[in-house]
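A.B. asks: Take the given structure of chain A and dock chain B to it, following the hints.
2 protein chains.
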Amino acid sequence: MGEFDLIETYFRWDNDSDPTGDKNGVVTGIGDDAAVLQLEPNQQLVTSIDTLISGVHFPENTPAEAVGHKALAVNLSDLAAMGAKAKWFTLALTLPGTDHAWLKAFSSGLKKLANETSVSLVGGDTTRGPLAISIQVMGTVENNLSLLRSGAKPDDKIFVTGTPGDAAVGLASIQGDLASEGVEFASEDKAICEARLNYPTPRLEESEVIKQYATSCIDVSDGLLQDLGHILKKSQVSAVINPSEFPLSDSLKKLPKDKAIQYALNGGDDYELLFTVPSYKCEAFMQAVSEKLTTHITMIGEVISQPKSEKQEIGVILDPNGMNLRGNGYNHFNDDIRDENSRD
Amino acid sequence: MGEFDLIETYFRWDNDSDPTGDKNGVVTGIGDDAAVLQLEPNQQLVTSIDTLISGVHFPENTPAEAVGHKALAVNLSDLAAMGAKAKWFTLALTLPGTDHAWLKAFSSGLKKLANETSVSLVGGDTTRGPLAISIQVMGTVENNLSLLRSGAKPDDKIFVTGTPGDAAVGLASIQGDLASEGVEFASEDKAICEARLNYPTPRLEESEVIKQYATSCIDVSDGLLQDLGHILKKSQVSAVINPSEFPLSDSLKKLPKDKAIQYALNGGDDYELLFTVPSYKCEAFMQAVSEKLTTHITMIGEVISQPKSEKQEIGVILDPNGMNLRGNGYNHFNDDIRDENSRD
Chain A
2 MGEFDLIETY
12 FRWDNDSDPT
22 GDKNGVVTGI
32 GDDAAVLQLE
42 PNQQLVTSID
52 TLISGVHFPE
62 NTPAEAVGHK
72 ALAVNLSDLA
82 AMGAKAKWFT
92 LALTLPGTDH
102 AWLKAFSSGL
112 KKLANETSVS
122 LVGGDTTRGP
132 LAISIQVMGT
142 VENNLSLLRS
152 GAKPDDKIFV
162 TGTPGDAAVG
172 LASIQGDLAS
182 EGVEFASEDK
192 AICEARLNYP
202 TPRLEESEVI
212 KQYATSCIDV
222 SDGLLQDLGH
232 ILKKSQVSAV
242 INPSEFPLSD
252 SLKKLPKDKA
262 IQYALNGGDD
272 YELLFTVPSY
282 KCEAFMQAVS
292 EKLTTHITMI
302 GEVISQPKSE
312 KQEIGVILDP
322 NGMNLRGNGY
332 NHFNDDIRDE
342 NSRD
Chain B
2 MGEFDLIETY
12 FRWDNDSDPT
22 GDKNGVVTGI
32 GDDAAVLQLE
42 PNQQLVTSID
52 TLISGVHFPE
62 NTPAEAVGHK
72 ALAVNLSDLA
82 AMGAKAKWFT
92 LALTLPGTDH
102 AWLKAFSSGL
112 KKLANETSVS
122 LVGGDTTRGP
132 LAISIQVMGT
142 VENNLSLLRS
152 GAKPDDKIFV
162 TGTPGDAAVG
172 LASIQGDLAS
182 EGVEFASEDK
192 AICEARLNYP
202 TPRLEESEVI
212 KQYATSCIDV
222 SDGLLQDLGH
232 ILKKSQVSAV
242 INPSEFPLSD
252 SLKKLPKDKA
262 IQYALNGGDD
272 YELLFTVPSY
282 KCEAFMQAVS
292 EKLTTHITMI
302 GEVISQPKSE
312 KQEIGVILDP
322 NGMNLRGNGY
332 NHFNDDIRDE
342 NSRD
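Heads up: the protein sequence lines correspond to chains A and B, in order.
Heads up, this note's numbering is the position in the first sequence plus 1, with the first residue counted as 1.
Heads up, this note's numbering is the position in the second sequence plus 1, with the first residue counted as 1.
In isolation and in its complexed conformation, chain A is listed as follows (with noise of 0.2 Å):
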């Protein structure tokens, strides 16, 4: 089967789109040399584009369902951090051969998602190597009101959506860490967690409110404490966080405290959106919150000035005792994640 054929079978799901129509913005679509899309007037373009490696970014075993659903949650979430409306993707899809069940396992994951979140695949390429899976998001936003990292202000609060460290927890349950290190789990809750790490939400719905109140966002994929460190250095701000009022879910509740802490703080891979809005604004924020969506919203820390002193670097976390809980998520690119965790 050549590649052509392959996207046919696999990732044509609408028809033919027309020319003149204007299907979700699709003006032209698969099968020519390259996607035309129709923005509505006032509006900007947000894209943002990353690679899952089998091995790297998700477990080598992992269903192949789940493969294409995490490949399209993680971009979506960069639109939802961004407070975009998704509207496309492109995917290129590096495959060892041509498996079939695979392909339309991993195809039927993609779909399900896209067709719930509304976004229309406009391009695609197949090739042959070491399974890699890119995709490319592309949605709108209104003229000048993305939500950017660089906006969060002193007595701004920040928040998290649902309750980080799942997506953590379920990784070391898969890879046997947490019984090396003799914590007992129920499987149930093992199913729970491992769920979180395979089919991440995407945080579209609640960036549609969110974007109204908040100033900086980012979604959490490389752990907290690390993204929150990168809205705090482009916002040039430092923050205090209490990590005892932290979101943890009831499975996250059964594991030690301490333990369950620090995989909320440091897990990457959860994808929640981590965000701050100015103090006026949270008693509105969190009524429409309580109007329009069920997930979780926690108020976990405050925005605070930069430390006078120069010998403090901006964005060091403390919490309300001092303690310093810095730390690093997940690095792709660093092995000695462990020594780097505890060298404070």
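The set of hints was computed from the structure by calculation and includes no laboratory data.
Just so you know, even glycine gets a beta-carbon here, dropped at the ideal spot from N, CA and C.
A hint or two may mislead.
[Unchecked claim] Label pairs and their computed distance ranges (CB to CB):
no., chain 1, residue 1, chain 2, residue 2, range
1, A, 243, B, 119, 47 to 53 Å
2, B, 100, A, 299, 41 to 47 Å
3, A, 209, B, 10, 35 to 41 Å
4, B, 57, A, 156, 51 to 57 Å
5, A, 241, B, 100, 36 to 42 Å
6, A, 258, B, 144, 57 to 63 Å
7, A, 209, B, 13, 28 to 34 Å
8, A, 234, B, 234, 50 to 56 Å
9, A, 188, B, 6, 38 to 44 Å
10, B, 9, A, 99, 50 to 56 Å
11, A, 42, B, 154, 31 to 37 Å
C.D. replies: Below, chain B without anything else, positioned relative to chain A:
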């Protein structure tokens, strides 16, 4: 060196973009969850993604600078084939490790072509794994003026830019195939053909002229015959081409003529534009070419009606003597190219 540092060191070529500015339409570039890009009014977005894998899309010993050039060039070529103006690109880079000499040279090849073609790198992703480069390019076209594969009409003339076949001869030279076939080829000609393979020229400038006259267009990536087949299938027409009038480079003219023409017809990786122009516009088109371009552009055949007989397939390509020259170019998922080429 972490992922963030890699991007900072090798792929952040501009200063932080000014959110209120409009540098090439880049509102927010590298450094946030996604890029924010501004299209001009009455323009559509044109986008394409292509992945290059070491050992599949370029020989493993290809200089890193050439890899950087080619990865961007093949994508820009897709925009040229659509009649689009290239504006932005994102890069998903998978590296086996952090080889600074390689990264410096790769980045340099990429940057040089990006500067020459005025396209901005707006997003990046680096991951660890076997060497692979996915680039997604984005450009703009005036509303509904993109050049599709589907517009060819009977009596249109078929044209091609440059001298197809050079890149395939360059590959044959590198792989030792020329020598093993007993073909003598001067080292100067080898160097010329290898340069065409490693440093293809995206025909963006030519596209600006062609788009004003052409009814259909494609770039020659998989081989001229195979790519012409895509135009014919999409346009529901057939074609007659005359290989004896085929444009051959001075280097290819030194090969036995039948061999040179086989390379020109079936060799991939040229990234020349193949397009159709209505007969009545040909004179004006050639006039415009001679005034505005230095690139060789040759008429190689004409479009004819779809055969009436249902037994004949659409898009069968005949030379004027009735010899069937149908063949397939390179197909990444097909190991039986030789068999397919000879099945007629």
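A.B. asks: Is 35 to 41 Å respected by the C-beta to C-beta distance linking residue 209 (chain A) and residue 10 (chain B)?
C.D. replies: About 36 Å separates the Cβ atoms of residue 209 (chain A) and residue 10 (chain B), which means 35 to 41 Å holds.
A.B. asks: Should the hint that residue 57 (chain B) and residue 156 (chain A) are 51 to 57 Å apart at their CB atoms be regarded as holding?
C.D. replies: 54 Å, holds
A.B. asks: Could one say that the CB atoms of residue 188 (chain A) and residue 6 (chain B) fall in the range 38 to 44 Å?
C.D. replies: 41 Å, holds
A.B. asks: Return holds or violated for the Cβ distance of residue 258 (chain A) and residue 144 (chain B) against the range 57 to 63 Å.
C.D. replies: With a Cβ separation near 58 Å, residue 258 (chain A) and residue 144 (chain B) satisfy 57 to 63 Å, so the hint holds.
A.B. asks: Take a look at whether the Cβ-Cβ distance between residue 42 (chain A) and residue 154 (chain B) falls inside 31 to 37 Å.
C.D. replies: This hint holds: roughly 33 Å between Cβ atoms.
A.B. asks: 47 to 53 Å was suggested as the range; check whether the CB atoms of residue 243 (chain A) and residue 119 (chain B) agree with it.
C.D. replies: 49 Å, holds
A.B. asks: Could you see if the CB distance from residue 234 (chain A) to residue 234 (chain B) stays within 50 to 56 Å?
C.D. replies: Between residue 234 (chain A) and residue 234 (chain B), where Cβ atoms are some 52 Å apart, the hint holds.
A.B. asks: Assuming the hint says 41 to 47 Å, is it satisfied by the Cβ distance from residue 100 (chain B) to residue 299 (chain A) or not?
C.D. replies: 43 Å, holds
A.B. asks: Can the suggested window of 50 to 56 Å be confirmed for the beta-carbon pair residue 9 (chain B) and residue 99 (chain A)?
C.D. replies: Given range 50 to 56 Å: violated, Cβ gap about 39 Å.
A.B. asks: Starting from the range 36 to 42 Å, see whether the pair residue 241 (chain A) and residue 100 (chain B) falls in it by beta-carbon distance.
C.D. replies: Holds - the Cβ-Cβ distance for residue 241 (chain A) and residue 100 (chain B), about 41 Å, lies within 36 to 42 Å.
A.B. asks: Is the gap between the beta carbons of residue 209 (chain A) and residue 13 (chain B) within 28 to 34 Å?
C.D. replies: 31 Å Cβ-Cβ, so the 28 to 34 Å window holds.
Hint violations for this structure: number 10 only, all remaining hints satisfied.
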